[in-house]
Structures are given as structure tokens and as C-alpha cells.
Amino acid sequence: MKHRSMTRRLIFSLTATLILFWLLATTAGIFVMQDEFGEIFDGSLQATTERLTPLVVDDLLQNAQLPESRRLQNLNESTHKGYLTYQVRDATGKVILHSHDVSATPFVAPLKRGFFQDDISRFYTVSAANNTIFVQVADSMAHRTEAAVEGGLALLLPVLVLIPASIIGIWLIVRRSIEPVNDLRQAISDKDSGNLAAIELQTLPRELQPIMLSVNRLLERLRSALTAEREFTANSAHELRTPLAGALAQTQMLKSELRAPTSNSRVTQIESSLQKLIKLVEKLMQLARAEARIGTSNETADLGNVLELVIEDFRRASEAGNKILYARAEAATLHRPVSEDAFAIVLRNLIENALIHGDPNTPVRIDLTRHGTIHIVNDGPVLNSNELKSIRQRFSRGKTTSPGSGLGLPIATELASQMGATLELKSPATNATAGFEAILRFS
Amino acid sequence: MRVLLVEDDQTLGEAVRDHVASTHHAVDWMQTIDDATGSARVVEYGLILLDLRLPDGSGIDFLKALRSKSDATPVIILTAHDQISDRIEGLNAGADDYLVKPFNLDELTARMLAVTRRHSGSSSSVISIGKLRINIADRSIYSGKQEIILSGREWAVLDKLLSRTGAIISKSQIEEALYAFGWEVESNTVEVYISRLRKKLGREHVSTIRGVGYKLEGRV
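Chains as they are written, first to last, in my numbering: chain Y, 1 to 443; chain X, 1001 to 1220.
Any given hint might turn out to be false.
Stated by the list, open to error - In silico SDA-like links for lysine to any residue, alpha-carbon gap of 25 Å or less:
| id | chain 1 | residue 1 | chain 2 | residue 2 |
| --- | --- | --- | --- | --- |
| 1 | X | Lys1200 | X | Val1126 |
| 2 | Y | Lys323 | X | Phe1103 |
| 3 | Y | Lys255 | X | Asp1086 |
| 4 | Y | Lys279 | X | Thr1011 |
| 5 | Y | Lys389 | Y | Asp379 |
| 6 | Y | Lys255 | X | Val1192 |
| 7 | Y | Lys279 | X | Tyr1142 |
| 8 | Y | Lys255 | X | Ser1140 |
| 9 | X | Lys1145 | X | Ser1170 |
| 10 | Y | Lys279 | X | Trp1155 |
| 11 | Y | Lys255 | Y | Val281 |
| 12 | X | Lys1199 | X | Thr1189 |
| 13 | Y | Lys279 | Y | Ser224 |
| 14 | Y | Lys323 | X | Leu1108 |
| 15 | Y | Lys279 | X | Asp1086 |
| 16 | X | Lys1064 | Y | Lys279 |
| 17 | Y | Lys426 | Y | Glu352 |
| 18 | X | Lys1199 | X | Tyr1142 |
| 19 | Y | Lys255 | X | Lys1215 |
| 20 | Y | Lys255 | X | His1024 |
| 21 | Y | Lys255 | X | Gln1083 |
| 22 | Y | Lys255 | X | Phe1103 |
| 23 | Y | Lys276 | X | Val1126 |
| 24 | Y | Lys112 | Y | Thr48 |
| 25 | Y | Lys255 | X | Asp1009 |
| 26 | Y | Lys276 | X | Val1100 |
| 27 | Y | Lys276 | Y | Leu204 |
| 28 | Y | Lys255 | X | Ser1022 |
| 29 | X | Lys1199 | X | Trp1155 |
| 30 | X | Lys1069 | X | Phe1103 |
| 31 | X | Lys1215 | X | Ser1151 |
| 32 | Y | Lys255 | X | Glu1014 |
| 33 | Y | Lys279 | X | Arg1139 |
| 34 | Y | Lys279 | X | Arg1053 |
| 35 | Y | Lys191 | Y | Leu204 |
| 36 | Y | Lys255 | Y | Lys323 |
| 37 | Y | Lys279 | X | Ser1128 |
| 38 | Y | Lys255 | X | Asp1106 |
| 39 | Y | Lys276 | X | Val1192 |
These aren't lab readings, by the way, just hints derived from the structure by calculation.
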């Protein structure tokens, strides 16, 4: 599922809403302006007509015998195109006087005082001399439309320029406002089983504080649960091991005291079963620990030192341990914030695996490279890719007949993954035609 | 050698005590830190086998207290805590070795031998004194090709002398080693066993420093 970006959504919504409101405001402004313009133009048209009328009437009375309509010339020849034109008509509608830029064809406006409008002009008519003379002044509608359009553009153009500026402004504001959310998100995503410390963000805004508090409460509960689980597995291990140790020690003492071969043989079988039980319990305890996610840690551990301790344990614990050839590259170090117990469990399983399943007559090689990679190599038959895959499964023991629980590699794989390491299994081993190699590589 | 076993589990404690005793060592078995502290105060032990989780406290605290008093008695931790961090903590607290339960009794013997050998500065379990070849691991002594058989008490006295070869061991220290086995110790017991050792090992190997004690001579 594709998750939507909150930032993008906020920027888009805010910008769209802002533009919509601006456009609505501009449109309303244009309508109001048009209306106001109409009133101004009408007022101007009416005033012009009423001031023109006495002059025209006076002029007509002095030149009462004019046979035809007269066209008044401008004082100066001008290219100026007037917006206002007028006609003076008698009661029959005949044009007896008109402005220079209209023909003698009578206006369509009726001879009636007041406003009249058609598609081309708006007229105002005033009557004089007992309704025998009518003065009609026309105002071009094109002029009015042009004024309205220019006025509207004057409102709209700044808005169009401001839209991209406001998008940038909104983007900056949203980004800045959402920064605490990003900080909180980062702080939460940094949490894993090794880092469950409470989130401490002093600068978090009031709205996000409850989220931080809730997350911290959850972390606290998780921490307690994990600690309890880890303590339980550690205590269980302790409680199981002590009676097993008692049983094994008493069995071995009994074996040393018995003289009859039959009885001795039976005690040997009991001892052998006990040893198997002890190994199985050990593996189940390790598995429980792996499932309690003990892999990570807040503290950095010297894993090179742990590797050497584990190898020393193997060498002292059994004859087989003396088969281990350990080489540490010059200046090789391995310091990582992982649990040294988990790391030791991984190593024990890998080394035990190599000692049990490898050729008993050839050494097991353990190398710590300069880059902190650990190679554990044993001789033995080649495993195909399916077998390499299946030995990572629990209780899968491949085709070996050697004793083993079938849990060692799954435990090692799980813990390696928790430690942020990769466990590569190869067969044949690198630069060899046979054998098995486990490579533990830290990122 | 006198061994202090600190273990609260009855079954395991009994088995370990009997096993260690069967390898000719005297064992004092204590089940609490309090008892172990009291014993360590009055007895000079050759080795301490220490459990970590005890009813009245942690074995680590006991070990730290021991080391803080400059007591260098070798200590092997016997614990059910198998984690490497526990082991590092134990070694840092001054333990000489660390054995995770359950363990084989033979492995315990091997570790005890290795630790005491390391502690006495010897790198081998076989000590040669003149013609004598004393194998501490399998408790055998050969003079040339002839095997010399020692009784438990004679081994106890020899162990004490071997613990500081070339140095003088007082009569009371040898008496203490014999007491540890629960044996009756009369006024001339030490002289009797020293005399027997001289007869079996050769007069030249055990010398008497009048009024002070005895010492094992001629280590090669």
C-alpha cells in the first residue's frame, strides 16, 4: 500500500484552499467594482446630460429656423475618440443636433426621461421646453466593459503572481511546522530491542507531547516485558542446570563406585542420556534467549575478546577443541553495540557445528579478518544449495549422522540477524573443493 | 590439598565433595556465604570451588571480599550462569577459572589440577625431584621404574610439602592438612608420616628444620 505524504497533502490542500479563496474574493471584487463603475458612469452620464441640456436649448432657441439637423464640430480636430455622444431630438424624434462622432440617425432610446440601455450603449434622456426638445447622451458599453476588464485584471494579476510565492511560503511553513513530527518519527524509528530508552525531545510542541508520553509508556512496558522474559530464560537456565548437574555428578560418582560390568553399563547409558538431555536443554535455552531478542545492546562490546574466550573454552573443554586453528589478522578489531552473550552463543553454535560435522582428522580454521569478518571453516562433504537452505531450519539436520540437535544454525541465524550481522553459509568453502564455511559479517 | 567447596545444592554438593575427596583432597563443604567466609578466615585452603548463586548472597561478593584481603587462594567458579558476561564478571572479580554446570567430574579434576599448577608456578602436572617423578594428576610416584604407593594421609602430607616446594612448612600447617580429612591427629602424628615419607621417597628428599618445620628438597 502506498502511503500518502502528509507534507505534500498539507501543501496541496492549503495552496488549493488559498487560491480558491483568493479567486472567490477577486471575483466578488470584480462584481462589486463593476457595479460601482456602473453607478459612477451613470452618475457621470446623467450629470453630463443635465448640464448639456440648458446649453443646447439656449442654442436651439437662438437658431430656431434651422431646416436640418446640425452636426457640431470640435473646436480642435482631434483623434480622440469620445466615449460620450449625444443627440438633440424634437418631439417627433427628429435629430436636430448631434455630436460630431455620431450620425443623424436617431438613437434607439425612446423620448422619455431616464436611462435606457441596449447592447451597444447606455443612454440618458432629458426633456426640455415642455417636452418639445429631448437631449439624449449615450455612453459606449464597450467603454464600460473595457473599464471593468481592466479593473478586474488589476485585481487578478497580483493574485496570479502571488500564487507561486504563496506555494513556496506554505511549503516552507509546513516543512518547519512538521519538523517536530519528523524528529518524533525518527526517535521512534530508532527504537529496537537494544534501544528502548525513553524518548526525550524537549522542543516537541504541545500537540505532540501526548504522543511522546504514550510512546514512552509503551516503551517502558516493552522494556519491562523484555527484561522479565530475559530474566525468566536466564533463571530457567539456572534452575534447570543445577539439578541436571547434580544428576550427572551423582551418576558419574555411582559409575565410579560400581564394580559389576552390567550395572556399570546401565549407568553409562544413563549418563549418556543425561548428556544428551543436557545438550538439548542447553539448545532450547539458547532458542528461548534468541526469541527474547537478546541480540542488541546499548553498550559497545569487544567481540574479538569474546571470540578468543569462546575458542579458549572449546580448547579446554574437549580434545576436539584442540583441532581449532585460530588466526587474527594484524590490527583486526571488532567492536559493536551487540550483546556479547548473544555473540558468544552464535560462535559456540558455529564452532560446535564445525567440530561435530567436520572431518575429524582435519583442523577447524577460525579467522578474524582485518575488516572484522569471522570465517569458520571445516573440511567435509559438499552440501548442495537445498541442503544449505534446509540446515537453517529448526530441527533440520541435513544428511549428517553426527550427533546434534538441529537447532544450532537456526539459533545462530536468528541471533546474527538481531545483531545486525549476516550469516553466510558456503559449501564448498572458499578456494576449496569441499568443506563448509560459515561467514559472520557485521554491517 | 584442602579444598573449600561452596555449593548450596545438596545433590551436586555431595557428589562434588565425594569426588574431590576420592582424588585425595580434603574437602570442607559450606552451603552459605557466611559459613564459607568463616571457614576461609581460619583455614588456609589450597583451592576454593565457588557457586555464584547462594542463599545468603552472591559468590562474586565473597570472591571480591577474599581478593580485597589480598588472599590469593585459587578459586574456580562453578555456576549455572553460562553467559559470557557472567564469566567475564567472574574472571574480573579474581576467579582463576570458570566451570559451567552441568560439568563432568573428570573435567572438574582437570581444571583443579590446572589451576593449582598455575598457582604454584608449575607448568606441568609431573614434578621431578631427583629420581622421583611425581604425577599429581593421576596420583602416581615413580622412583626410576619402580612405583611407590602412598596412603591417603601420606599424600595429604606430601601435597602440603609440594604446595611450596623448597619452602619450610610448619608442623601445624601439616597437622591442619591432616585434620581436614577428619582424622585423629596426635602429638607425634606429623613426625610419623614424615618418617614414612622419608622411608618411601628417600631420606634426602624430606628435611627437618628443627623447631621450624619440614621442607621438600632437590626439585629439578
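These are the hints, each one checked on the structure:
1. Lys1200(X) to Val1126(X): Holds - the C-alpha atoms of Val1126(X) and Lys1200(X) are around 18 Å apart, at most 25 Å.
2. Lys323(Y) to Phe1103(X): holds, 21 Å
3. Lys255(Y) to Asp1086(X): violated, 32 Å
4. Lys279(Y) to Thr1011(X): OK: Lys279(Y) and Thr1011(X) at ~20 Å, within 25 Å.
5. Lys389(Y) to Asp379(Y): The given pair, whose Cα atoms are some 19 Å apart, holds under the 25 Å limit.
6. Lys255(Y) to Val1192(X): violated, 35 Å
7. Lys279(Y) to Tyr1142(X): The given pair, whose Cα atoms are some 40 Å apart, is violated under the 25 Å limit.
8. Lys255(Y) to Ser1140(X): Status holds; Cα separation ~22 Å.
9. Lys1145(X) to Ser1170(X): violated, 32 Å
10. Lys279(Y) to Trp1155(X): violated, 37 Å
11. Lys255(Y) to Val281(Y): Given that 25 Å is the threshold and the Cα spacing comes to 23 Å, the pair holds.
12. Lys1199(X) to Thr1189(X): Holds, at roughly 15 Å.
13. Lys279(Y) to Ser224(Y): violated, 30 Å
14. Lys323(Y) to Leu1108(X): Between Lys323(Y) and Leu1108(X) the Cα gap is close to 22 Å, so the pair holds against 25 Å.
15. Lys279(Y) to Asp1086(X): holds, 20 Å
16. Lys1064(X) to Lys279(Y): Status violated; Cα separation ~32 Å.
17. Lys426(Y) to Glu352(Y): Satisfied, since the Cα-Cα distance of roughly 17 Å is no more than 25 Å.
18. Lys1199(X) to Tyr1142(X): Between Lys1199(X) and Tyr1142(X) the Cα gap is close to 14 Å, so the pair holds against 25 Å.
19. Lys255(Y) to Lys1215(X): violated, 38 Å
20. Lys255(Y) to His1024(X): Roughly 18 Å between the alpha carbons, so the hint for Lys255(Y) and His1024(X) holds.
21. Lys255(Y) to Gln1083(X): violated, 30 Å
22. Lys255(Y) to Phe1103(X): holds, 15 Å
23. Lys276(Y) to Val1126(X): violated, 34 Å
24. Lys112(Y) to Thr48(Y): holds, 17 Å
25. Lys255(Y) to Asp1009(X): holds, 21 Å
26. Lys276(Y) to Val1100(X): holds, 16 Å
27. Lys276(Y) to Leu204(Y): violated, 56 Å
28. Lys255(Y) to Ser1022(X): holds, 13 Å
29. Lys1199(X) to Trp1155(X): holds, 14 Å
30. Lys1069(X) to Phe1103(X): Outside the cut-off at roughly 30 Å; violated.
31. Lys1215(X) to Ser1151(X): Distance of about 19 Å is within 25 Å: holds.
32. Lys255(Y) to Glu1014(X): The given pair, whose Cα atoms are some 15 Å apart, holds under the 25 Å limit.
33. Lys279(Y) to Arg1139(X): With a Cα-Cα distance of about 32 Å, the restraint between Lys279(Y) and Arg1139(X) is violated, given a limit of 25 Å.
34. Lys279(Y) to Arg1053(X): holds, 22 Å
35. Lys191(Y) to Leu204(Y): At roughly 18 Å apart (the allowed maximum being 25 Å), Leu204(Y) and Lys191(Y) satisfy the hint.
36. Lys255(Y) to Lys323(Y): Since the Cα atoms of Lys255(Y) and Lys323(Y) sit roughly 30 Å apart, the hinted pair is violated (cutoff 25 Å).
37. Lys279(Y) to Ser1128(X): Violated, at roughly 41 Å.
38. Lys255(Y) to Asp1106(X): At roughly 12 Å apart (the allowed maximum being 25 Å), Asp1106(X) and Lys255(Y) satisfy the hint.
39. Lys276(Y) to Val1192(X): violated, 49 Å
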